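Asks: Single-letter residue listing:
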Amino acid sequence: MAAFGATVIRAGRRFLSSLPALFGVLVFTFLLMRVLPGDPAVFFASGPNAGKEEIEVIRKQMGLNKPVPEQLMLYLYDVGSGNLGRSMMTGQLVTKDLRERLPASLELTFTALLIALLSAVPLGVLAALRQGSIIDHGVRFFCALGVCVPTFVSGLLLIYVFYYLLGLAPDPTGRVDIFASLPPRRTGFLLIDFLLAGDFDGWWAAFRQLILPALSMALFVVAPLARITRASMLVSLGSDFVRTARSVGLPWWRVVVTYALRNAILPVITIAGIVFSTMLGANVLVEKVFSWPGVASYALDALLSSDYAPVQGFVLLMATVFVIVNLLVDILYGIADPRVTIG
Amino acid sequence: MSVTVSRRLLTVVASIAFSLAAGSVQAQTRAETLRYVTGASVNTLDPNIPGSTREAFAVSLSTYDRLVSFGRKQLNGKWVFDLGKITGELAESYEVSPDGLKMTFRLRKDAKFQDGTPVTAEDVKWSLDRVVTAPVLGKAQLLTGSMTSADQFKVIDPLTIEVTLPKPDKLALPNLATVYPIIFNSKVAKAHATADDPWALAWLKENTAGSGAYKIETFKPGEQVIMARNAEWNRGTADKSAFFKRVIVQSVPEPATRANLVERGDADLVIDLQASDVQSLEAKAKLKVISTPQYNAVTFISMNNQIPPFDNVNVRRAIGFALPYDDMFKAALFGRGSPLFGATWADGKPTSGAYPIPQPVKLDLEKAKEYLKAAGMPDGFSTTFSFNVGQASTAEPMAALVKESLAKIGVKVDIQKLPDAQMSTQINEKKLPFFTEGIVAWLPSTDYFYRNFYTGNQRWNYSSINNPELVEIAQKARFEPDAAKYEEDGVKLNAIHFSEIPQIPLWQPSQDAVMAPSVEGYTYQFHRQVDYRDLNRK
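From first to last, the protein sequence lines stand for chains L and S. Here our numbering is used: the first residue of the first sequence is 1, the next is one more, and so on. Here our numbering is used: the first residue of the second sequence is 1, the next is one more, and so on.
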């Protein structure tokens, strides 16, 4: 228990020490957005009669009529008080948009990562155990295929086969059938909210919507996970302690799972952490193809229309998620390998 | 034991019966629901908010009423809006005084807002005042109809309102039928106004207070809007409420997914598919495809008349004869639209005073070379050709063909693809020499086009042309009451356009509406969106 408390304190300290980095990201994105060519006021004043006056109105509305240092101070003050500004694109507060969209992205990413880990780790272990065999080559082929097919191609392909041709999947438009009613919002994760509401039909509907986008994302990240599992399994299978374990006649599964895999899992956790952060930000193509109302497609739309506030909010959010995921990975290290502590 | 069994049996039977009944109810509501999918999104419930999208316009047409609306007519067998026929919407009748300086609107006695309170002249006055006073998009629009001040709107009695104009303006009445001058429930709106925001812009952005055919059920900006029918509404052309009980407007960013949805019958209507998808869907003949040339829109290749070498009229003429029009039309639009090139003008005179009309230009490299020689640039020059990412699907193949063809007369073209916000910024700053863009006019009349798109140092004057004669004729034509003289002015304007060739009209792209075979009543509207009130299912 004391050890746990110490971990929490150290994790908190680690989080605090990453605050300057978050601040840097905030200022950098702010300045970057203003350096980029493209005037959002001109873009949003695009009605058939929008002239100079309309552009000025929007500029004022977005606070762009003030000098940049003043804008930055105002923005920092707003962020400090929990306000990330207002999106021109959706007309909503950025915090509200992100709060609504982040669970969608997280749910998708978690599911994809789960699918990826559940398939990549056994595949990697198998490939390592039967090195050079037909299984090893098969896994390598599968990984190469997964990496070289871009997610939007696999996404469109999955839609074409399972929705258009076979009619097995529901229409690929968002998180739940448009005609279905949503559960009361508790966590924002539909799978959890449906369960909490006791609506199993709804849960099944949400799950069916989720499975294709999650699969097309998982396909893309299976490769790095499986390859790293295989490589680090090979190292630990060839090590002395595994030879010893084998020589004392332990059952094979115990040798593989308890001794080899537990020692081989550290790099996999590291990679999984990185993969998760990248997936969350970079799954924009999957979100677009499946009309998934997530944060990445939101940020891309905002970037294309030079809508400053959502882009800044998104980058800040991603940086925070990255910090938290790294922290989690470090804590998981400690669980996987008691010799490692976070400091 | 037997009791339990029979009870269990009863439960099973009941649950089966229940699920069957539920199924048929669901099927029924599906038939009464319109599911419209689009690549764009709705970002405000008040179309007046700066930055509002075209999808937001479409929603506001259903949630609010205006005083008057446009009728519809058949054009080549397809329904399109009719600028010449203006009928009452909230107004039961209207009359324009003989001198054209007064318009009097009598409101319908039975018109009610969605909260049940009657629509009064006070509400109309407040709403029109708002459009011309508040910092909203409608201000610039109503300016084109000589309505600029709240003093022009006068309440005569609770059901009569009078609009006075400084001079007779043909566009005054049509302006009141556009998207912006919607009639709000002023009591509700005022209750949400604040000192900083006397016109309740913030509240009306996310809430509605109207008398329209549909009520907002859910509004998720950027995702979906679900509207339920207002059964009380009777302002439609057939004096009854709208057909569909529910309308779902859903954003589906990927065009291929939209095509799949409508083909599988999960979506009922889509108007923004890729031309290639429309063509294949049309070939399969399972769905109804209604293609209407957007006769109030034009796609151009523009040249900046103030920047060398395009300040030289002979260079512009050379470009006019060096573009591979037919190939571009096929590659960009798959021929879906009406071309504005390849016309023959007898004795070089414009064939009509309308705008736009097909221009007497075609691919003629010899002629183009002669013009270049006349411009003093026989060896050509280098330039960049820009288009925005949003138009890439049509502009990209077009740009490649422009580059290839212009290389043949010695003009080296670099293709520049710009994010939309960057492109509009550079156009506004008049920095692009050579680019493609499109324009649209809600109230397409010749003088309107020339005044807005060929006049002044402003954003929509893409070619930055500065021709005093053109400006003078266009300004005069605006208030020309005599139709024959107006036509004459139009012919003059078109002649100047061709001799100066500030930009090259290419075509009017088609609006391809793809819908389930059961959907009827689709009408091409001035705002180029779907008016959900027009539709029904047979």
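Calculated directly from the structure, the hints in this document are not laboratory data. Note that the coordinates shown come from a computational prediction; the quantities given were computed from them, not determined experimentally. Beta carbons: idealized from backbone N, C-alpha and C, even for Gly. Any given hint might turn out to be false.
Label pairs and their in silico Cβ distance ranges [stated by the list, open to error]: (1) S:A202 to L:R186: 23 to 33 Å; (2) S:N466 to L:L31: 51 to 61 Å; (3) L:P184 to S:N207: 17 to 27 Å; (4) L:P184 to S:P118: 29 to 39 Å; (5) S:R264 to L:I9: 34 to 44 Å; (6) L:L31 to S:I415: 29 to 39 Å; (7) S:P118 to L:N83: 37 to 47 Å.
From the derived model, a few chain S residues whose C-beta atoms are all more than 12 Å from chain L [claimed, not checked]: (8) R35; (9) L45; (10) E92; (11) S149; (12) A193; (13) A202; (14) G222; (15) Q250; (16) S291; (17) N388; (18) S393; (19) P433; (20) Q458; (21) R459; (22) F479.
Asks: Indicate, hint by hint, whether the structure satisfies it.
Replies: Structure-based check of each hint:
1. S:A202 to L:R186: 23 to 33 Å: Holds - the Cβ-Cβ distance for A202 of chain S and R186 of chain L, about 29 Å, lies within 23 to 33 Å.
2. S:N466 to L:L31: 51 to 61 Å: The hinted range 51 to 61 Å is violated for N466 of chain S and L31 of chain L, with Cβ atoms some 38 Å apart.
3. L:P184 to S:N207: 17 to 27 Å: holds (22 Å)
4. L:P184 to S:P118: 29 to 39 Å: Taking Cβ atoms as reference, P184 of chain L and P118 of chain S lie about 37 Å apart, which means the hint holds.
5. S:R264 to L:I9: 34 to 44 Å: violated (56 Å)
6. L:L31 to S:I415: 29 to 39 Å: Given range 29 to 39 Å: holds, Cβ gap about 30 Å.
7. S:P118 to L:N83: 37 to 47 Å: holds (41 Å)
8. R35: Non-interface label fails for R35 of chain S: nearest chain L Cβ at 7 Å, not farther than 12 Å.
9. L45: Its Cβ does come within 12 Å of chain L, the nearest being 9 Å, so this is violated.
10. E92: holds (29 Å)
11. S149: holds (15 Å)
12. A193: Its Cβ never comes within 12 Å of chain L, the nearest being 17 Å, so this holds.
13. A202: violated (10 Å)
14. G222: violated (5 Å)
15. Q250: Check fails; 6 Å does not lie beyond 12 Å.
16. S291: Its Cβ never comes within 12 Å of chain L, the nearest being 23 Å, so this holds.
17. N388: violated (10 Å)
18. S393: The claim holds: S393 of chain S sits with its nearest Cβ about 15 Å from chain L, beyond 12 Å.
19. P433: Consistent with the label, P433 of chain S stays out of reach of chain L, its closest Cβ about 16 Å off (over 12 Å).
20. Q458: violated (6 Å)
21. R459: R459 of chain S is in fact no farther than 12 Å from some Cβ atom of chain L, at 7 Å.
22. F479: holds (19 Å)
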